[in-house]
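A.B. asks: Here are the chains, one letter per residue:
Protein chains: 2
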Amino acid sequence: MSGTTKGLQLRSLIKKSGELELSLAEVPIPEPGPDQVLVKVEATPINPSDLGMLLGPADMSTAKALGDGAAKQTTAKVPEQALPFIAARLDQAMPVGNEGAGTVIKASSSEAAQALLGKTVSMIGGAMYAQYRLLKATDCQPLPAGTTAAEGASWFVNPLTALGMTETMKREGHKALVHTAAASNLGQMLNKICQEDGIGLVNIVRSAEQARLLRGIGAKHAVDSTSATFTEELTMALVETGATIAFDAIGGGKLASQILTCMEMALNKTAKEYSRYGSTTHKQVYIYGSLNTAPVELVRNYGMAWGVGGWLLTPFLQKIGRPEQVRLRERVAKSLKTTFASHYTKTVSLTEALDLANIVVYGKRATGEKYLINPNKT
Amino acid sequence: MSGTTKGLQLRSLIKKSGELELSLAEVPIPEPGPDQVLVKVEATPINPSDLGMLLGPADMSTAKALGDGAAKQTTAKVPEQALPFIAARLDQAMPVGNEGAGTVIKASSSEAAQALLGKTVSMIGGAMYAQYRLLKATDCQPLPAGTTAAEGASWFVNPLTALGMTETMKREGHKALVHTAAASNLGQMLNKICQEDGIGLVNIVRSAEQARLLRGIGAKHAVDSTSATFTEELTMALVETGATIAFDAIGGGKLASQILTCMEMALNKTAKEYSRYGSTTHKQVYIYGSLNTAPVELVRNYGMAWGVGGWLLTPFLQKIGRPEQVRLRERVAKSLKTTFASHYTKTVSLTEALDLANIVVYGKRATGEKYLINPNKT
Chain D
1 MSGTTKGLQL RSLIKKSGEL ELSLAEVPIP EPGPDQVLVK VEATPINPSD LGMLLGPADM
61 STAKALGDGA AKQTTAKVPE QALPFIAARL DQAMPVGNEG AGTVIKASSS EAAQALLGKT
121 VSMIGGAMYA QYRLLKATDC QPLPAGTTAA EGASWFVNPL TALGMTETMK REGHKALVHT
181 AAASNLGQML NKICQEDGIG LVNIVRSAEQ ARLLRGIGAK HAVDSTSATF TEELTMALVE
241 TGATIAFDAI GGGKLASQIL TCMEMALNKT AKEYSRYGST THKQVYIYGS LNTAPVELVR
301 NYGMAWGVGG WLLTPFLQKI GRPEQVRLRE RVAKSLKTTF ASHYTKTVSL TEALDLANIV
361 VYGKRATGEK YLINPNKT
Chain H
1 MSGTTKGLQL RSLIKKSGEL ELSLAEVPIP EPGPDQVLVK VEATPINPSD LGMLLGPADM
61 STAKALGDGA AKQTTAKVPE QALPFIAARL DQAMPVGNEG AGTVIKASSS EAAQALLGKT
121 VSMIGGAMYA QYRLLKATDC QPLPAGTTAA EGASWFVNPL TALGMTETMK REGHKALVHT
181 AAASNLGQML NKICQEDGIG LVNIVRSAEQ ARLLRGIGAK HAVDSTSATF TEELTMALVE
241 TGATIAFDAI GGGKLASQIL TCMEMALNKT AKEYSRYGST THKQVYIYGS LNTAPVELVR
301 NYGMAWGVGG WLLTPFLQKI GRPEQVRLRE RVAKSLKTTF ASHYTKTVSL TEALDLANIV
361 VYGKRATGEK YLINPNKT
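Taken in order, these protein sequences are the chains called D and H. In this text, residue positions in the first sequence follow my numbering: the first is 1, and each later residue adds one. In this text, residue positions in the second sequence follow my numbering: the first is 1, and each later residue adds one.
Only chain D is shown next, with the shape it has when bound in the complex:
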């Protein structure tokens, strides 16, 4: 970077007028302050959790592209009724990208920062869709020798979400768990974790092919929600595992309620005495994604000991505290080529990330269609 004083950073702006504008800003490359390092970003994934910031509630069927190279812009319309819910971000160009990896090219004089100089590190903290990222040494995770930036880019969101599920299960007193849209990258990771840790896992998928895929990687319970005997199969798997907590990526529709109903049926099969309010065992569904944006429908034929709620990684990490976070992070860094490996369909530059043809693909949030950005790709 000799002579380079500026770098590109992707920005997402939603105007009060209801227009989304994606652009690349040229920003000065900062000098590391105390305990900080400067990282040349070489790999940063486009996760479903990034799309909320990147595209917001914009209607991408109205998207248009203009300009070229660093001057490129992509715009789209945001429905007016969605604006009150994002009032706090309106008219501010927001940087994007939760996680990434790259090479530490400058470091402050502190021991912790100096130890990272020249190393390949994984990072968390936002604004990763940029050529350079300044951050605290403690927000970097040094990678084992031989692990590349591309391999370390998706080290945080999916791996810690999957670990967060099994940790939440334990902390809330459940002994096995259910996962939906379970053939996803995250779902496959969760299967590997549960196999390593001896945790019962009921995978719910949306096709017989996805069920076969999961059985192929060792899943014991993979139930297809399109099967005519879905609820019977799910109840059987719940009886066998004793799962009373579910993590649901789908959200909309009847699935969350079906899971609670089947949990109640499974509990009643083994109940010793009648409770007029249904089973007294708490049954929980956490919704962490929204693949189906339709309303959640809860029929409530599962007594009173139930809960449905949002689940998000950041508050979970805040709750468990730093030492526990470090333990989980180190587990991930050690197994980035195995348990926590991610797969990408395409690697794009920052400019290419604004291409309509690419947005159409990564904006779909489809299982198995994951993009990686290399902001320094030329």
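The set of hints was computed from the structure by calculation and includes no laboratory data. Check the hints yourself; a few may be wrong.
[To be verified] Each computed EDC-like pair below joins lysine to aspartate or glutamate, with the alpha-carbon atoms no more than 16 Å apart:
#  : chain 1 : residue 1 : chain 2 : residue 2
1  : H       : K77       : H       : E111
2  : H       : K106      : H       : E31
3  : D       : K72       : D       : E31
4  : H       : K377      : H       : E352
5  : D       : K254      : H       : E196
6  : D       : K319      : H       : E172
7  : H       : K334      : H       : E196
8  : H       : K254      : D       : E297
9  : D       : K106      : D       : E31
10 : H       : K6        : H       : E26
11 : H       : K72       : H       : E21
12 : H       : K319      : D       : E172
As the structure is a computational prediction, the values presented were derived from the model and not from experiment.
Please build the complex by placing chain H on the supplied structure of chain D, with the hints as guidance.
C.D. replies: Showing chain H alone in chain D's frame:
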């Protein structure tokens, strides 16, 4: 009771064949064991929470009565698809009635039991729809001089549910609360408690008349869900009170979701910075009733920090422990003629409780239609 050796007890039986059978059993009057007392039951309410045990999921439009006096029976059909959910109670005649009050007519030799002899006491523990009830002295609450059994009958379910709401609000870190179907007996109690304790309360009712009723007893916020400006009025009341927890007696439909949406709008009005996942303040709706048995519909335009779940008095009391329970009980006993007063439309005998004409009325669970049973009414 000289010479009397048996008493009547109401029983609810649901047979595997799908038939509900209500009847009166003649049971021997037991002698108090260690620390026990025998109470002649003089008043016991029919609460919505009793109807689940009494009528179960029976279709009361199919109800038939046969026999007379103590031999009277009422039967009705239970839909076949409901049977798996009540498997544990099938073919067992269940006693009914959560709470009641009466006179202690026999007591064991223990000091605590002897102290209650001749006293009017309130009771909790089930099987109250009976002429006599044997129970532990500690499950009795002696009433202040001048408080009648009828005044003390509804001392537990409604008063402790209302107190349980404000206690849950405090324990879960909220500063004000929302209540639906708020013109109910319970809702009016909750208004009095919140006024006494200086707690912000947003009442949601289903007519302008009910809103006026609540304002008449001092409610500051009474919002009518049938009003054209309901969501605006609710949001305003949420901004003013800061309420982020709701207790919902209705359950089905869109109301729980509307409350969460308005809470999110209220929080966003005062938000200092944009969070891509919506407000980070946890928003909670507890469903404790089911006036509308339709599915709950959750639209999820309120970020990720939300929860919806069942709420029930018994697990709440188990969680807070005995000393805290005693504190709440004593608060109730002191104010049974004021804050915790209940009103009844009719007092019936055990036989009359099986009359179809009465079941039609109390089975409706309508606001302001509450029945009291006097099992010793002749």
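A.B. asks: Are the hints correct? Go through all of them and say.
C.D. replies: Against the structure, the hints come out as follows:
In summary, the hint linking H/K77 to H/E111 is not supported, as the alpha carbons are separated by about 48 Å, beyond the 16 Å threshold. For the proposed pair H/K106 and H/E31, the alpha carbon gap of about 8 Å is at most 16 Å, so the pair holds. Proposed proximity of D/K72 and D/E31 is contradicted: the alpha carbons are some 27 Å apart, above 16 Å. Taking the CA atoms of H/K377 and H/E352, the gap is about 10 Å. The hint holds against a cut of 16 Å.
A threshold of 16 Å between alpha carbons decides the hint, and for D/K254 with H/E196 the separation of about 42 Å lies outside it, so the pair is violated. A distance of roughly 15 Å separates the Cα atoms of D/K319 and H/E172; the hinted pair therefore holds under the 16 Å criterion. In summary, the hint linking H/K334 to H/E196 is supported, as the alpha carbons are separated by about 14 Å, within the 16 Å threshold. Simply put, H/K254 and D/E297 have alpha-carbon atoms about 10 Å apart, close enough for the 16 Å limit, and the pair holds.
For the proposed pair D/K106 and D/E31, the alpha carbon gap of about 8 Å is at most 16 Å, so the pair holds. For the suggested pair H/K6 and H/E26, the alpha carbons sit about 6 Å apart, so the restraint of at most 16 Å is met. Between H/K72 and H/E21, the direct Cα distance comes to roughly 10 Å. Compliance with the 16 Å bound is thereby established for this hinted pair. For the suggested pair H/K319 and D/E172, the alpha carbons sit about 15 Å apart, so the restraint of at most 16 Å is met.
The structure fails hints 1, 3, 5 (numbered hints given earlier, in ascending order).
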